[in-house]
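Chains Z and A are the protein sequences, given in the same order.
Everything in the first sequence is counted per the numbering used here, starting at 295 for the first residue and increasing by one.
Everything in the second sequence is counted per the numbering used here, starting at 5 for the first residue and increasing by one.
What the hints contain is simulated information worked out from the structure, not anything from laboratory work.
Please note: incorrect hints may appear among the correct ones.
[To be verified] Computed footprint of chain Z on chain A; a stretch qualifies when at least three of its residues, placed anywhere within it, have a C-beta under 8 Å from a C-beta of chain Z:
id : segment
1  : 67-74
2  : 122-129
3  : 142-148
4  : 170-179
5  : 229-243
Yeah, the Cβ is synthetic: ideal placement off N, Cα and C, and Gly gets one too.
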Amino acid sequence: MTGRGPLIEAGVEHRFGPYGGQYVPETLMPALDELETAWVAARDDAGYKAQLGDLLRDYAGRPTPLYLAERLSELAGREIWLKREDLMHTGSHKLNNALGQALLAKGMGKHRIIAETGAGQHGVASATACALLGLQCIVYMGAEDCRRQAPNVQRMQLLGAEVVSVEAGARTLKEAVSEAIRDWVSSVATTHYIIGSAVGPAPYPALVRDLQRVIGDEARAALLERTGRLPDRVIACVGGGSNSIGIFTPFVVDADVALIGVEAAGEGLDSGRHGAPLTVGGRAGVLHGSLSAVMQDADGQITEAHSISAGLDYPGSGPEHAHLRDSGRARYVAVADADALRAFREVTRLEGIIPALETSHALHYALHVDGDGSQRDLVCLSGRGDKDLAEVIAQDDDA
Amino acid sequence: MGKPARDRVPAVEQTGEDRIAAAFALRSGSAALMPYLMGGFPDIATSRAIGEAYAANGADLIELGVPYSDPLADGPVIHAAGTAALRAGATLDGVLGVGEALAGRVPVVLMCYVNLVLARGADAFAQTLREAGISGLIVPDLPLGEEPAIADACAAHGIALVPLVAPTTTDERLALIGARARGFLYAVSVTGTTGERGSREQAFGELLARVKAQTTAPVALGFGIATAEHAAEAAGAGADGVIVGSRLVRAAAESDDPAAAAGELVAKLAAGLIR
Ligand SMILES: Cc1ncc(COP(=O)(O)O)c(C=O)c1O
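Just chain Z, same shape as in the assembly (with noise of 0.2 Å):
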């Protein structure tokens, strides 16, 4: 074990400020105390520190390249630094997590897996790093989820995965979540739940959160070595929260660094059709296992969210974010479908990068709101929008 204090030592946050918890049914309690015992062994376990850092390396690409887009630098009017996750393999960051808990859960014993998937780029990574160590894979997807991305079914089953499509409620990702942790509930002494996002139940949303916070491990270091100073803002698109946890968490104690969050406004947030719980406030409710900014009504019911993107298309967030906005270190705001559907066009054309529609929100963003003087921002290209052109051209087709 190395230098960690001795309360870190003891386990992960089960708390962030108020948000958090591990609001689930009793049958699965134990299992989040075996995870959480074999995450704080494994996270100081050189074995396991170096199979993942070979793995991410040579397998998945990591360091991911720090690029300096000229052309969108040109049109926002100050130097806009992309993190290539879109570079990674299968095509987002998703695959930092789920190798990482793969391996984990491998390592457990535990050599069935379930998760479920929005975009299907998680479901993907999943299947991918289950290919990769032998593991059964099962993956949860609304059945609109499975239209609207289906390049990623067809990958998914390529890679040996069972892909199961969830009609239940608005069938996207709340539901795909709901019934993946159903099946957990049925299967917990022999299945580990690999969760998509720095959302779920203690230790979840810590556990993501150290697998992804090496995006910003590696932006900050790039950028300080290749230019000797810090961006003035970091931005990332919010789902459930993990790419932008994973490109904050270093920036946190940079008190200079803005840090904003941009979240899906669907229709817009007036229409309710949004998924942008942070953005929007309001009480704080339950949502898969952690308290955290969720959309709900007076009585409490969660209520459905609205993207144009699969993978924003939540109705709740991670709890951190939620701490993180209330201190006031992060911001979070929110973007329009047409206005991410104009940002994948333009960054297209501009930079021969396709983005992911999900990642669009954040460039939007960064391209067409006012930059409060920030000279530098540093963008968080989550992903590759391969799996959006029938979506984006459906609605080319539509205008």
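Take the given structure of chain Z and dock chain A with the ligand to it, following the hints.
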């Protein structure tokens, strides 16, 4: 226990815990029968009629479910019924109205996911239950460790907060949960969500023996109990109470006369328990 305001309640108020204890005491030697009712399914009026049929046909207590958007502990039958109830316009207040109507006949224990409790505030929620005459509260996503604020609010209003234990619960946790149980302890008979299953008499016995070693509260067995034989097996294995859910909800969903169908099934279940 704090002193609750006594304005809207009769001077000789029994607490919810008292009512639950009396219902279990009546069936000592056998097992109390506690059918589950999805509030507001298929609509508020019919769900009330189903509950009345439960009471008329041998229910000793009623577990009243509040439909919820994201019921993580429920299998397909109860999930679908909850979704249908919400679509039909069920609200928390509407379901509490059903509970108030039934509470005059048998003790009612509300089964409600935690976000609905937090949305109203723990104290206001517990007070509303007391005013409706509801005796107890089961929160399936409130495990040991997260319960103190809600437990305090329930205690202050005489509402029994009923914890759950599962086959995966360690003996260490069982002891802590058993000591905190009020009203009764809800033993989940399977590692899984609600739903009908085959006979598992042996598993019933092992779980009940572990649980009863750790608590003085009555122990009710639920999840997966669907037939009179299961109920009799549970009672034979030492359960103080038997909870039947999905089978009854399915009967209500499949019948043109849900109250009659549910009543008939409850009568059969009651006949399976020696009285
Ligand atoms: C490319 C990409 N970016 C962002 C997200 C949003 O997730 P998170 O907020 O966890 O990073 C997703 C989710 O599917 C995604 O695929």
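Results of checking the hints against the structure:
1. Judged by the Cβ-Cβ criterion of 8 Å, the segment 67-74 of chain A is covered by chain Z as claimed, because 3 of its residues qualify and three suffice.
2. For the segment 122-129 of chain A, the stated coverage by chain Z is satisfied: 3 residues place a CB nearer than 8 Å to a CB of that chain, which reaches the threshold of 3.
3. For the segment 142-148 of chain A, the proposed coverage by chain Z is satisfied: 5 residues have a C-beta within less than 8 Å of a C-beta in that chain, meeting the threshold of three.
4. A stretch counts as covered by a chain when three or more of its residues have a beta carbon under 8 Å from one of that chain; for the segment 170-179 of chain A and chain Z the count is 6, and the coverage holds.
5. Counting residues of the segment 229-243 of chain A whose C-beta lies closer than 8 Å to any C-beta of chain Z gives 0; at least three are required, and the coverage claim is violated.
The earlier numbered hint that this structure contradicts is number 5, and it is the only one.
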